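Asks: The lines below spell out each chain.
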Amino acid sequence: MGSGYETVIGLEVHAQLLTRSKLFCGCSVKFGASPNTQVCPVCVGLPGSLPMPNARAVELALRAGVALGCQIRSHSVFARKNYFYPDLAKNYQISQYELPLCEHGKLRFELDGKAHEIPIQRIHLEEDAAKNLHGMGSGTVTLVDYNRAGTPLMEIVSGPDLRSSAEAEEYLKRLHETLMFLGVNDGNLEEGSFRCDANVSVRPIGQEQLGTRVELKNINSFRFVRKAIDYEVARQIALVSGGGRVVLETRTWNDGQGKSLPMRSKEEAMDYRYFPDPDLPPLHVSEAAIEAARRSLPELPERKRARYVESLGLTVADASVLSAHPVIAGFFERAAELLAAQSKLEPAAAGKKAANFLQSELLRHVRTNGLSAEMGVSPEQLAELLTLVESAAISGKQAKALLPSLLGTDRRPEQLVREQGLVQVSDTTAIEAVVRDVLAQHPDNVKLFRAGKTAVLGFFVGQVMKAMKGAGNPKLVNEVLQKLLNEGA
Amino acid sequence: MHELVTASVTEIAQAVRDGKVSAVEITRAALARADAKNASLNAFLHVDHEGALAQAARVDASPNRTGLPLAGVPFGLKDNLCTRGVPTTCASKILQGYAPPYDAHVVEQLRAAGAVVLGKLNLDEFAMGSSTENSAFGAVRNPWDTSRAPGGSSGGSAAAVALGLSAAALGSDTGGSVRQPASFCGVTAIKPSYGRVSRYGLIAFASSLDQVGPIARNVRDAARVLGVIAGRDSRDPTSADRPVPNYEAECERDVKGMRVGVVRGITDEGCAPAVQQAMARAREQLAALGCEIVEVDMPHQKYALSVYYIVATAEASSNLARFDGMRYGLRVNGDDLRDTYGKTRDAGFGLEVKRRIMLGTYVLSAGYYDAFYLKAQKVQTLIRRDYAQAFERCDVVMTPTAPTGAFKLGEKIDDPLQMYLQDVFTLPPSLAGIPAVSVPCGLTPERLPIGLQLAAPGFEEARLVRIAAAFERASGWAERPPGF
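Heads up: the protein sequence lines correspond to chains A and B, in order.
Just add 397 to the spot in the first sequence (first one is 1) and you have my numbering.
At position 277 of the second sequence (counting the first as 1) the number is 268 in my numbering, and the numbers step up by one without a gap.
No wet-lab data here; the hints were simulated from the structure.
None of the values given here were measured: they were computed from a predicted structure.
Do not rely on the hints blindly, as some may be mistaken.
[Said to hold, decoys possible] Here are the simulated lysine-lysine pairs, DSS-like style, with alpha carbons at most 30 Å apart:
1. B:Lys403 to A:Lys478
2. B:Lys403 to A:Lys528
3. B:Lys334 to A:Lys478
4. A:Lys614 to A:Lys478
5. B:Lys369 to A:Lys528
6. B:Lys369 to B:Lys84
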């Protein structure tokens, strides 16, 4: 920031844990069900009901904590955050406060060639609130859908160590990607599975003390993050440099208006009266469970990227693209493995070929939605297709042309090639016949070539391939052309 | 009216199992008795004729009737226990019209054991009180003297059992709420160890202290009911995964050599002379049974009242937040959301409940939490340690259950501190999470019952049942209130 001010950002991410049931009851967390059909006495907080912790949710949060290098607390404590609002069935939220499950972790990323290591202060478990549906009925009624109430979340709190909106965006993307690879979050931003609040402040460069922070809510898309933070930073700098002061408050990002709007000031903020939830004994996590979580960690994107570059010889750009989504990475690795086995290519060469085809042809057909990705074909299909190219049965061009007819089907490339009569012509006699025809039709160009203008070779290749409907083995076509043209010289 | 209607739990169950009487017959008789006599006590808030007869018919038709420990036994439930489709009010206007969609764990256990629930019993609103005068539906009267309080908060449960309106009842105990009314009404009650009985479906007052406990006319009956309701429940994370012993079998055993701890100096202050005399007599009777009487010190017991009114009110302030008129119960519409919350809760809660919510909100507030809540928890640990040390020297600790016999209705209602002092003896075991029993041990000159409280280490209910039954035999207690 050329203005003499430094930006300070801390992010709080609420990530839904990828469980089948809620944090304290057996109700389903499936998205999109009719309102109030996935509820029970526990998640609507009926009198007498009690919370029973979901072991799977704890396991997933633990996995995230271990992956992010956190210290795991053997006895963490659920606490009640007390405030009245209709989306909170008990008028308190069960969360963790003084003694969270995970603390003191970090997230590493590289931005513009510079390495960053952002501290993660804590990861704690908490239940989601219900959803208020305003303006129902005659327009003045608010109805509450408790399907979401009690959905397991983990809140991941970064230190105030991000210095720009670009860093904030990168942090979020890397965190998002990491959680998806861990299988702890489905990464679905539209359905609210991964939500972010940002604490933003500015201070004169060189000043140690932090400026007054503003909490920005509702930043639920990577597209918003930069816009929202940049807007807020500009607003604060304008205020401060104009002699004003930033008010401690919560603002919400309104993307339609392209600005943040005040929600409530912290001066009138509520006292949440946190205290340990007497319904829930301390959450015990054994050393063995922590060890098991550590052992079960999958290879994370950062490692994958490095491996793709080092052992497969991919470019950093290709490696980044292929390692950014667990389904794509898994697809790539499987296809490369199959290709190597079927084509007798070296693993690195097979990887490179699979990567190239994925990057240049397949990825544009791939649709991702959070954790799920529609690849269009199976790794088996892709490996078979590329094996046909390797064995010179078809040309690379033919392989590309075949792809659309494979998408969304379980057809085998080999069979398709046979059906469409696409088998590459590697028969020298057949190629010679075509070449002779072409040469006969273009005597002028033949003369030119023989006079030393060898650039017309390309013209002949094109003509031969055209005559063969692309089925000629390019290498052989080239060889035969060279041979026959030079023969007559 | 069937003669067995006022018989004990074990007698009724035996008769029904043997086919000497049907559960329906007993239930009809019990409902008629409740209908006839409830007006004098105001013990029942709701009598569920239809549900009771249907359950009785199921018991009669049950192929394994002979194996049901509570076959056909008429029960009453404190009205803070959830009953499916049956009004559950906590004696509060705020739960007006509320009928839960599920049965509490203990209610399921009772029904599975063949018990017949006659209806729901009056209490101090949300179990907050020691006289049952804090009910939104009128005070309960003590069957021994209807101008007097039955104790509380399970006053309806104790009074109904004392007068034979039900063979046994369930109450809940947070700081003495089954023991003190049992003492006032001349019946037996057990407050189990924290975690012994599932709280699922018990509408919470103070979650870290609440326990459901049986009230019956003799120790054996209470022991049998405890055996039915105790045990692990996967819906209550605070319920203990420990085996449930055969409590009833303990009633037969002698107590020779058992060491009974008497707390030094405990009855010197605030105890009525009749209570002091009854304690001295109880001591002699226990000694005569072969018990060794030892003196123990409980230096932190004097803080129990203060600790309790911080911890319990803090939890209550949060537990009762859900009663806001949005989803069920009373709703008083205001100008906006905040106003509706305020008006609903103002109209729905009684004075004592409001007092405790305010106290609890205060002690949890920023800047006060450490000074009150945190410190109270530390002192609670000291009280637990007192017991741990005492139990190195004795097997049970004996005290009076309450400092006096039943007081007059209206006598203490305007003086909360005097009312709170009713619980000085029952609070320490609650704060320590240990089990305690109250058994009748005599009458005051006004013919009002006095209760003996015995407390044991955690999950030693069997020990309590054993000594309480032996004491009951030795004392020959067979007094019943007029009109029984």
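Asks: Could you work out which of the previously given hints the structure breaks and list their numbers from low to high?
Replies: Violated: hints 1, 2, 5 and 6.
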